[in-house]
Structure formats: structure tokens, C-alpha cells
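Engineer: Working from the sequences, and respecting the hints, build out all of it.
Protein chains: 2
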Amino acid sequence: MSTLSAVIEKVRPTTEDDITAEVLRRFENTTDPRLREIMQSLVRHVHAFIKDVQLSEKEWWRGIDFLTKTGQKCDAERQEFILLSDVLGVSMVTDLIGNRKPAGATESTVFGPFHRHGAPELPPGGDMRSVERGGITAMISGRVLDLQGHPIANALLDVWQAAPDGLYDVQDTTLDKTNMRGKYRTDAQGRYLVKSTRPVPYMIQSDGPVGQMLRAANRSPWRPAHVHFVVSADGYSPVTTHIFDAGSQYLNDDAVFGVKNSLIVDFVAHNTADEASRQFGVAPPFVTAEYDFVLAPLTK
Amino acid sequence: MSTLSAVIEKVRPTTEDDITAEVLRRFENTTDPRLREIMQSLVRHVHAFIKDVQLSEKEWWRGIDFLTKTGQKCDAERQEFILLSDVLGVSMVTDLIGNRKPAGATESTVFGPFHRHGAPELPPGGDMRSVERGGITAMISGRVLDLQGHPIANALLDVWQAAPDGLYDVQDTTLDKTNMRGKYRTDAQGRYLVKSTRPVPYMIQSDGPVGQMLRAANRSPWRPAHVHFVVSADGYSPVTTHIFDAGSQYLNDDAVFGVKNSLIVDFVAHNTADEASRQFGVAPPFVTAEYDFVLAPLTK
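Residue numbers (my numbering), protein chains in the order written: chain A, 1017 to 1316; chain B, 1017 to 1316.
It is worth saying that the hints were derived from the structure and are not from the lab.
Please read all numbers here as calculations on a predicted model, not as lab measurements.
Just so you know, not all the hints are guaranteed correct.
You can't tell identical chains apart in this list, so a pair holds if it fits in one copy or across any two.
As the list claims (entries may be wrong) - As a list, the in silico BS3-like pairs of lysine-lysine whose alpha-carbon atoms are at most 27 Å apart:
1. 1074 - 1085
2. 1026 - 1067
3. 1276 - 1074
4. 1117 - 1067
5. 1074 - 1117
6. 1117 - 1199
7. 1276 - 1199
Structural biologist: Laid out in C-alpha cells, this is it:
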């Protein structure tokens, strides 16, 4: 029994807190100090969660199953973990931490799971619609400015939104091309002009584990009507944001917590021929919205 | 501008802590009070983690990517999220919380990702090896007892372990059947007898995201030599546990924090014919190990 008595002389972790201390110790030799900081903080908080709720083995199994299904729901056109991050408010907290902007700069909001590379480059006023899905034409115009109010020429606006049926192109199985996406450049006066449809409220994807969780929590899956923008320009800090339609439902209970007052914009109805219909060459009925994006200089 | 001024009158979350409060509020209507408790605690702890480390957007993206790849690594024979839970010590903390046993009862440890249903039922002394993978024969024997030391007849022992090459059958792509698994029953005196090979230390699966994380943390992927058991009997609380070989390396730095002193057992070498070789009908060299499992009565 000499082997046995020798090996059991070592003091081994026996309580939950012993285990936490031992796991933290094992991360001490992480090469990258930032990774060490993140992993040790993660271990502390996850262990504290398990201890606080006294998680049962059955609940642990449900958690493992939930995470597994969430990962397996992800593919080239679906990002269920971003959706989970969004509905838990994690995306907005990260967004606030990562995008502290000087006063006057356009505020950011969630990126969401529906951005795609390869949106078509369009001229000013070019139409984001590549197929007919109904809805009311919207002309969204404004400028991209610096903090002093000077126009930024050749700024890039990467724009995307859901179609009037509430679906992004990647959710629309009848589509074999992009729709409701476009990249626009500002002119020498910093002006841009987007042609699209008035955005509509829509339900976030609820056929996966995240949707199940929202239903169990009796939470609304709706997002208020919005258009996504990533606005960038050389020498400036880019902004990932939305503009929200002030006339939309669900501005007070966005499923992903993305609404900020400064991003709410009036969409003005034009039901008869007027100055705007002549200016944009669009027959009524249509709506217009105006929004100026303000970029802060690049820091770091 | 009447719509706009009306909707922006509402006070909206603007700081990170406002977002946390709003997310907690949204879970208030969860039907199941236990689910509400778990989700609200999870939100508090995950938000606290993000704020403590001031997680950057780039780091958030790495986290999303890590979780996605972890889920996508899972299939019928691979459970990368259990592996993640194991190496973060989450499994052991949950195990300690869920398995508070009376003094004298056999302690539990991690279940691990390699259990499979459908292991063959074997008679006492039946061999768990269905293919030849080398190694030294091990005869593991003992009794299943109640807290008063009385034998429990007809108790079920579900036993599995890695082969001498360090692989479980599900990892061995050359195998089309189970190997190193068996279900045994105790006799009227509570005795069981397992025939297998002496367990070896092995590396946890390191070809996935969890392995990458361990390498970045300079953490050892090794587990000390052990045999898995789930021991159950009518009227008793089942125990999920291992027995560890006292002569094994890595007893002090098990990658999944599973070692407990009470589970370390001497594996005794028999290099010449002796009483044990006659008793078990096994030619030397072989090893024997003895362990009595003690089950607590079923509670609740």
C-alpha cells in the first residue's frame, strides 16, 4: 500500500471553492496575459453562477444540450450564437464598452446576424431592391460629417434591411441572389441617397433554441422597424448602427435591446406628388427619412 | 416631428448597467420560476464578466466563433461542450453540488463525454475487451454495499474505459463495434468481477476548439489512468464515478479536475503464478485491484 499512501498525501480539491481555485491556478501559465485575464474572469463568473443557482445535474444536461443545439443551428447563413448574445443583451453591453464615442458622434447599436459581404455597389439613389416584395418606397438621405460638421466625401455606407415580408434575403429560400442590400458612397458634399422600402417590424428567427428560450420566458421576439448601416471613411472610426422608424411598433421592447433615442428617425409620408417626388423622381405614395451620420476621428 | 418627440420621451437604457436591468426585467414573466431564477442569474454573471474584462468587439467575435465551432464539433460520438465544461471545472462543481452524499458513500466524479448506451451485458469476470489492443490484463473486484456494510445483490455496474492505446472505442475509427465496455451484476454476496486491461493515462481530445484553448493556456491535456463506473441498484442513489490507478502519472494535474483521494486504488502486479492467478484463471503477468462501492439510499 506504499504507492497509495504516497499519492493520497497530496491535498486535493474537495469543495466547490477548492475546484474554482485549482482551475484558476491552471490558467496561470497562459502565454497571452489578456487571454489569461479573460479565462480567469470567465471561470470565476461561470462558477459563481453554478454555485448561486445550485445548478442540478439535470439542468447542467439541459445547458449542454442547449449550447450544442445552438452551435449546430449555425451555418453559412445562420448565426444562432449571435442571436443568443443579442437577446441576452450581451451584444449591446459589448457594443457600449467597445464604442465609447465623443459627444456628437453617431451612436452604435447591434450588428446582428444578417450582414453579408458582397452587397452590390450602387450609385446615389440606386435601388436596394433586386426583387419585388411589395411595401412602400423609402428614400433615405442625409450626409456623413465629421465632429466639426464638415462633410466627408467618399464615405462608404454598407446598408441592409429586411424585406416588407419581414425576411432578410438569407432567410428567403425562394431567392438565389442578394436583396435589400447596397453599398453607397457619399459625394463631394458628403451626401448619400438610399432607395429602398420603408422598413417593417419583424420577428427574430424563432425556429431554433433561442426562439424556444424566448417562448419559455414569455418574451416578445419582435424588433422595431429599422435599417442597418455600417458607415466608414478613411481616417475615421467606423460606426455600426441602425436608424429606427419613429412610427414603428416595438420601439419600447426591442427583443435585442438595440434602440437608442438618437437613432429614431421620422419617416415622412408623401401621398401626393410634391417637391420630394420631383426631387427624387418617385411617384407617390412613398416616404422620406433624413439622417446625418457623424464620424469620430480614428483613435489608437 | 410629433411622432418623433412622442417616442423619444420614453427613457431608454443608455449605460451598460441600464441594459443589464432591462434584460433582467424582460425575464420577469418566465412561467417556470426556476427557469427565471437561472436565466436572471446567468444574465447577471455573464454581464458582470463582460464588464469586468471590458470585452472588446474583436474578443466578442472570437468568443462567438469559439462557441460556434464547439457546437459544430459535436456529433453522435463527440461532445465538445461536455469537454469544455470538464476542462473549465464546471462539471466537477456541478457534480459536487448535485451529489452531496452521506459519509461513507462512494464519492462521485465527472461523467465525461465517452459513455455510450448499449454496452454488452457480461457475466462476472467477463472480458470487456472485444478486440486485441495489447496492455496488461486487469481483474477488478469488490462488492457493492449499503451504508451499513450489507451487500447489495443484483446491483448494476456500467463500466467503460480507454483502450491501452489511450482511445475510447468511439475515437477508434478502425472499430465497428463497442470495446472496453461492459455491464456487470453483483451476486447474492454483493460481489462483482470485471476483466479488462490496466488503464493508461491519455490525452483528452485535443483536435477541436477545447484543445486549442488548452494549448493557448499551456495546460496539460492529460488525464490519469482510470476506469469509469456508474453503479446503481433498486432503492439506492446511483453513483457516477471512476477508480484511479495509484501508480498513474497525472494524478495531481488531471485536465478535468476529477481526482478524489477516496477513488485512488492500488493496482497490484502479479508477475508469477500465484493464488490470484489460480482464483481468476489468468496467466501472469496481470494486475488486480479491489474496490467496494457504497451506495446511499435513494432520497426523495
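Engineer: Each hint should be assessed against the structure and marked as holding or not.
Structural biologist: Okay, the hints, checked on the actual structure:
1. When the C-alpha separation of residue 1074 and residue 1085 is checked against a cutoff of 27 Å, the pair qualifies both within a copy, at 16 Å, and between copies, at 24 Å.
2. In this assembly of identical chains, residue 1026 and residue 1067 lie within 27 Å of each other by CA distance solely inside one copy; the values are 26 Å within and 37 Å between copies.
3. Only between protomers do residue 1276 and residue 1074 lie at most 27 Å apart by alpha-carbon distance; the minimum there is 23 Å, versus 39 Å within a single protomer.
4. For the homomeric pair residue 1117 and residue 1067, the shortest alpha-carbon distance between copies (17 Å) is at most 27 Å, but the shortest distance inside one copy (37 Å) is not.
5. Proximity of residue 1074 to residue 1117 under the C-alpha cut-off of 27 Å is restricted to the inter-copy arrangement: shortest distance 17 Å between copies versus 44 Å within a copy.
6. For the identical chains of this complex, residue 1117 and residue 1199 are intra-copy neighbours only, at 24 Å inside a copy versus 63 Å across copies, given an alpha-carbon limit of 27 Å.
7. In this assembly of identical chains, residue 1276 and residue 1199 lie within 27 Å of each other by CA distance solely inside one copy; the values are 24 Å within and 60 Å between copies.
Every hint from the earlier list agrees with this structure, and none is contradicted.
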